[in-house]
Every structure is written in structure tokens, then in C-alpha cells.
Amino acid sequence: MNQKRTQFTEQILNKIDSNILKFGSRNAFCIAEKFYTYKDLDEKINAFSAKINDLQIAQGIIGLVVNDDIETYASILAIWKANKAYVPLHPKQPTERNLEILSQTGSNFYIDSENSNFGEKLININSAISKPTGLVINNIDSPDDLCYILFTSGSTGQPKGVQINCENLVTFVNSFELAGIKLNENDKCLQAFDLTFDVSVQAFLIPLLSGACVYTIPHDKIKYTYAYILMDDHQLTFGVFAPSLVKLLRPNFEEINIPSMRYCILTAEASPVDLVKEWHNCIPNSKIFNFYGPTEATIYCTSYEVPLDGSEIKHTNGLLCIGRPFEGLNYLIVNEENNSVDKNVKGNLLISGPQLTIGYWNNKEKTSEVFIEINGTNYYKTGDVVFEDNDHQIHYLGRADQQVKIQGYRIELGEIEYHARQLIDGKYAIACAVKGKNDDNEIVLCLESDPIDNDAINKHLSVILPSYMIPSKYYFHDIFPLNQNGKVDRNAVKKLFNL
Amino acid sequence: MNKTEVISQLTPIFQIVFNNPEIQISENLTANDVKGWNSLTHMILMSNIEESFKIKFSLREINKMQNVGDLISLIESKK
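Top line first, the protein sequences correspond to chains A and B. Residues 1 to 499 (our numbering) are what the first sequence spells out, left to right. Residues 1 to 79 (our numbering) are what the second sequence spells out, left to right.
If we strip away everything but chain B, and leave its shape as in the complex, we get:
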């Protein structure tokens, strides 16, 4: 799975979790840039991604992510 494929599968998940059809994903995107991105929505986001990509993140992996770029790399490494 390449970066473009990961992004196109991630985009609708972000749009649903943050209830915002306008969200576009970029590698530099962080929680501070998105309205409503807090502990709770973060957990939901992670669960939805795990389900969609059929992968599992550890808490340590989740904690290390600094931005969406880190998330994409992590997904790539697991696929």
C-alpha cells in the first residue's frame, strides 16, 4: 500500500470522525489544526482506522505520532 492509497482511505474516516466533509489530509496536519480533535475523538479515530485497515496500534505507537505524516508511515509499515 502506498502513501496515496493510505491517504485516500484515511480521508473519509477523518471526515466522519470530525464530522467535517471538508477535511483534507496532509502530512503536516496535527491535532491543533482540526476542530474537535481531543482525547475522545482521537481514540475513536484510532479505532476506526484500525478497523478499516485491519491493523492494531499499540498505545505507545499512538503516543509517538506527532502529525498525520507519522500516522501514514505507521499504517504503511503495518500493511
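This is chain A alone, in the form it adopts within the complex:
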């Protein structure tokens, strides 16, 4: 067997097996108000392992329709135990998209606990009794150490699949512990992320490695109220949140008090510092961390523990600092010529190390676009603009593609957005550059708000921003669309106004 696969089996799968022995009668999952013990989980895993064995599947990649049930989580572990990788397919996503993803991976096999039928060329392992005769099984070549492939929407056209292998995930798990979060079998952990999003892997895997219990959110429930009820009813101790989920709870912060919460991670998007301060009152005994990481570098690769003793909370443009890189991760902050910049100078963040993906599935072109070799080391271009302060902490400024040149000045749209948000009670502001007269770049600003007098906004912004950063036009809309991961969908917002 592949050496990395062996390491993964020893450090991840065997650890879960030993927890199953040690904590058999304790709860592993709470799904839709029903508890499942480690023994229950083990039985489900074994049932899926048997089905996978019976079908004698040679392919290394298996599609997984990610329902909110114990079968889906057990399938992931059974797929890993069979030395294979899973590709999550969201049941609420159009079937066409799921079929497109399956077809890109070339796999004939998938698991759906809800028994969907994807057509006669594809086999649902859950319901297949034997391999249908006469079926042409694709002969696909995949690396033998893959754990999962996550397809993210490519801004143009086809979705691209990030391949995460055994070494990536083992390194992540080991580094995660060093970042300051140590769970035990008494922990009760929130899993609020879709399984198509990589934070979900942390949210279920880390608790299982500690003998803790995972509390999930059913797909048909309103996520933010359900998350609150879980935290309050079961006195959860660990939660991972996208800041936009916390923001939905904000009108009700006064009634929230979860003293049991020990650790809270904010991730998946930039965290507004004022929100974090208020949220702390709701989880008074919890440590709060800001984690950053692109899917391509396996879930998280930097972390910042928010000081809650009254000392200075590091932030820039109102966004929490993303802190220090994980153990074993190398990084560079570079200018456009790919030369390292000095401290306190902004540049593009490049990362390298054992958490990095080997590239996009079957897509050499996209892969070569995002990797760069500098002094013999292969770096991933995160597309994020950051700077490092005098205390070696990394500050997040925004996406590189949000950086635009206006009248020769290189500006950060995030800075305009930050100041505009103050005017509209912390709601969303999206700035973008459009071609104006004479083909020059102009800034326009979309505000999640009722219409406000333009002069009033101009007056507010011109106190703090140079004149070339003042938007030339404002658009208003009462609710900004979010994408499936709960982040503001910048492209959808632009579309609202035909930008």
C-alpha cells in the first residue's frame, strides 16, 4: 500500500477505531434529534464496507450524495477504509451539476442513502445488490492516496476539483491540535457546514478523533435558529462558524448565553472585529479563534487567537487578523514581480508545504495557473492580499482580484467597504470597479440598505478616504444574496445591478 495511505490509516482511521472500542456506548452523532453511539456508527461503517467489497470496485473515487444522516458520515469512513476517495454531491444542487461532477471524475459508483437514481450507467452502492452485467466500467487513473475531491465553482464555466490526499489531511490534523484546540470525549461539537465545503471535514473528523459527539443541522431547517437551539439545549462546547451565520443571530444576541462553549472558530470568510466582540458576550467562557485557509491548502493554514482579556485585538479595516501559519507551512508575501516584500507592506500571500493540494483534478491548465516555483519550492498563489506586522502576525486585506487601479493608485476595495459598512449598521457593502467614461476604472458601491442620500455617503467617506477612492455611484438593495457556503455572493450582488 501507498506509504501515505498507511500513515493515514494508522493516524486517522485506527484512532477512530480505537475510539469506537473505548467509547462504544457514548454518543458519536446527534442528527435530527436522534443520538447515535460510536457502536452504532461502527455498525453502519461495516455495512457500507461490506457493500463496497461486494461490488469489487476498482475505481478509487466514489461519489457521495451528502444527506444529513448517519449513513452519509459512515459512508465517508467506509470509503476511506476501502482506500478510496469521496466526492461530495449536494442533494439540493441541480442533478445536472452533480452528474457533471461525477462525469468529470469518471467514476461509475456513488452512494446515496436516499436512493436517488442517476441513470443506468451509474451504480448506487447503497441499493445495488450486485454489479449489473454488461455495464461498461470506466477505466480511470487516479492517485492511490486521495481522500476527497471538492469541486468549487470556477468563475467561468466548469467546476474545478481540488484533490486532497492522505498526507494533506494527516498534516492538517496534526497541525490543528498545535493551534491550541484540544478536544476530549466530553466535548459536544457543532457541525454547521455542508459536506461539500471543506470546513465540514474538520467539524466531524476532529471530534471523532477525540471520542466527542458531533451535532449536525438538518438541511430543511433554518440554520441559525437551529444552531442556537443545539447550543442551548445540549450545552455544546465547540463550534465552528462562518461570521455570516453569527451575524444572523445578532438581533437576538441578548437572549444567547452559552457558558458551556469552550472553543469557537470563525472561518470561511473575513471576520468583522466588532461582531466578534459582541459575540464573545454570548459565549463568555469560550476562547475565540480566527482561522484562515483556502481549500487548496486543506481547510486551515493560519490561526489567530482573539485576546479576550481586554488587550488589543489585532485587525485591519475592521477585519480580524489571520495570525500565524500552521506548523510546517512555508509562506511568502510577494509583490507583482514575485519578490518578497518587507514587514507592513502589502503583497500576495503564497503558501507551500505538505497541506498543499497536488492540483485540480484533470486540469493541468488551471493547476499551472495557481502554482509558482520560487527558489526551487512550489507555492500556491492564494489570491489573497495580506501584510505581516512587527509581531509576525498576518493581516488580511482582501482578494487580489478586489484590488484595482484607479487613477494610477492601487486600492483595496475592502477598505471602501469597511468604511461604508459603518454607515449601514454593519450590513454588507460591496465595492467594484467598472469601466466608466474614457475607459477609466470607476468605483461603484452596492449597499445592503434602503436608499440613502448620496451626498451623505460621500460626506462620510471623504472624511476618511482619499478622493480617488470615493465611489462615483451607489446602488441599494435590501438583502444581498449568499452563496451555498453562507458567504456574500459578490458576483450575484453585481448581477443585481447589472455590473
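Quick caveat, the hints were computed from the structure, so don't treat them as lab data. It cannot be assumed that every hint is accurate.
As the list claims (entries may be wrong) - Straight-line C-alpha distance at most 27 angstroms; calculated DSS-like pairs for lysine-lysine: (1) B/K3 x A/K427; (2) A/K427 x B/K56; (3) A/K247 x A/K15; (4) A/K247 x B/K3; (5) A/K277 x B/K56; (6) B/K64 x A/K92; (7) B/K64 x B/K54; (8) A/K247 x B/K54; (9) A/K346 x B/K54; (10) A/K121 x A/K182; (11) A/K494 x A/K427; (12) B/K56 x A/K221; (13) A/K221 x B/K35; (14) A/K92 x A/K221; (15) B/K35 x A/K427; (16) B/K78 x A/K221; (17) A/K495 x B/K35; (18) A/K277 x A/K405; (19) A/K247 x B/K64; (20) A/K81 x A/K15; (21) A/K494 x B/K35; (22) A/K473 x A/K459; (23) B/K54 x A/K487.
What the hints assert, rightly or not - Pulled a few chain B residues facing chain A out of the computed Cβ check, cut under 10 angstroms: (24) P21; (25) D33; (26) V34; (27) I62.
Glycine included, C-beta positions come from ideal geometry on N, C-alpha and C.
Given the coordinates of chain A, assemble chain B onto it according to the supplied hints.
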């Protein structure tokens, strides 16, 4: 405040939040029946209703609602 009055005050709020002037409210209506009814629009809907009726919902009350009928009963109980 009776059911009919609650519905007539709720209707324009739904139409604005979901950006759909055609929406008609019935007691059996659920989030699955309305395009764009997700966590975010749900929060906005609740805030707008609270403001319009001058009432406040707890998260627990919001979480219990299964359909618009439950919402109407809750509003009635608070007025």
C-alpha cells in the same frame, strides 16, 4: 387582532422580503414553497415582522415555526 388582519399586514412584508409581488399567504405555506426563503431572508423576514407588529420573537419561537400558520398564531398570541 384577528387572523385576517394579521394576514393582510403580513402579505406586503412577504412580498417585499422575497421580492415577489405575487406571493399570497396561506397557513400551509412553508419555506420550501417560496423561492429565496433561506436563513438570511428568514432573519430579514422576522426582523421586518417584529418591526411592523411591534413585537419581538425569541430564537426558540422562530425555530419552532413549521409554517406560516404557526407564525400567524404566534403573532396573534403576542398582540
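Results for each hint:
{"no.": "1", "hint": "B/K3 x A/K427", "verdict": "violated, 33 angstroms"}
{"no.": "2", "hint": "A/K427 x B/K56", "verdict": "holds, 21 angstroms"}
{"no.": "3", "hint": "A/K247 x A/K15", "verdict": "violated, 36 angstroms"}
{"no.": "4", "hint": "A/K247 x B/K3", "verdict": "violated, 32 angstroms"}
{"no.": "5", "hint": "A/K277 x B/K56", "verdict": "holds, 24 angstroms"}
{"no.": "6", "hint": "B/K64 x A/K92", "verdict": "holds, 23 angstroms"}
{"no.": "7", "hint": "B/K64 x B/K54", "verdict": "holds, 20 angstroms"}
{"no.": "8", "hint": "A/K247 x B/K54", "verdict": "holds, 22 angstroms"}
{"no.": "9", "hint": "A/K346 x B/K54", "verdict": "violated, 48 angstroms"}
{"no.": "10", "hint": "A/K121 x A/K182", "verdict": "violated, 45 angstroms"}
{"no.": "11", "hint": "A/K494 x A/K427", "verdict": "holds, 16 angstroms"}
{"no.": "12", "hint": "B/K56 x A/K221", "verdict": "holds, 21 angstroms"}
{"no.": "13", "hint": "A/K221 x B/K35", "verdict": "holds, 15 angstroms"}
{"no.": "14", "hint": "A/K92 x A/K221", "verdict": "holds, 13 angstroms"}
{"no.": "15", "hint": "B/K35 x A/K427", "verdict": "holds, 23 angstroms"}
{"no.": "16", "hint": "B/K78 x A/K221", "verdict": "holds, 24 angstroms"}
{"no.": "17", "hint": "A/K495 x B/K35", "verdict": "holds, 18 angstroms"}
{"no.": "18", "hint": "A/K277 x A/K405", "verdict": "violated, 34 angstroms"}
{"no.": "19", "hint": "A/K247 x B/K64", "verdict": "holds, 20 angstroms"}
{"no.": "20", "hint": "A/K81 x A/K15", "verdict": "holds, 12 angstroms"}
{"no.": "21", "hint": "A/K494 x B/K35", "verdict": "holds, 20 angstroms"}
{"no.": "22", "hint": "A/K473 x A/K459", "verdict": "holds, 14 angstroms"}
{"no.": "23", "hint": "B/K54 x A/K487", "verdict": "violated, 30 angstroms"}
{"no.": "24", "hint": "P21", "verdict": "violated, 15 angstroms"}
{"no.": "25", "hint": "D33", "verdict": "violated, 12 angstroms"}
{"no.": "26", "hint": "V34", "verdict": "violated, 13 angstroms"}
{"no.": "27", "hint": "I62", "verdict": "holds, 5 angstroms"}
Hint compliance for this structure: hints 1, 3, 4, 9, 10, 18, 23, 24, 25 and 26 are not met, and every other hint is.
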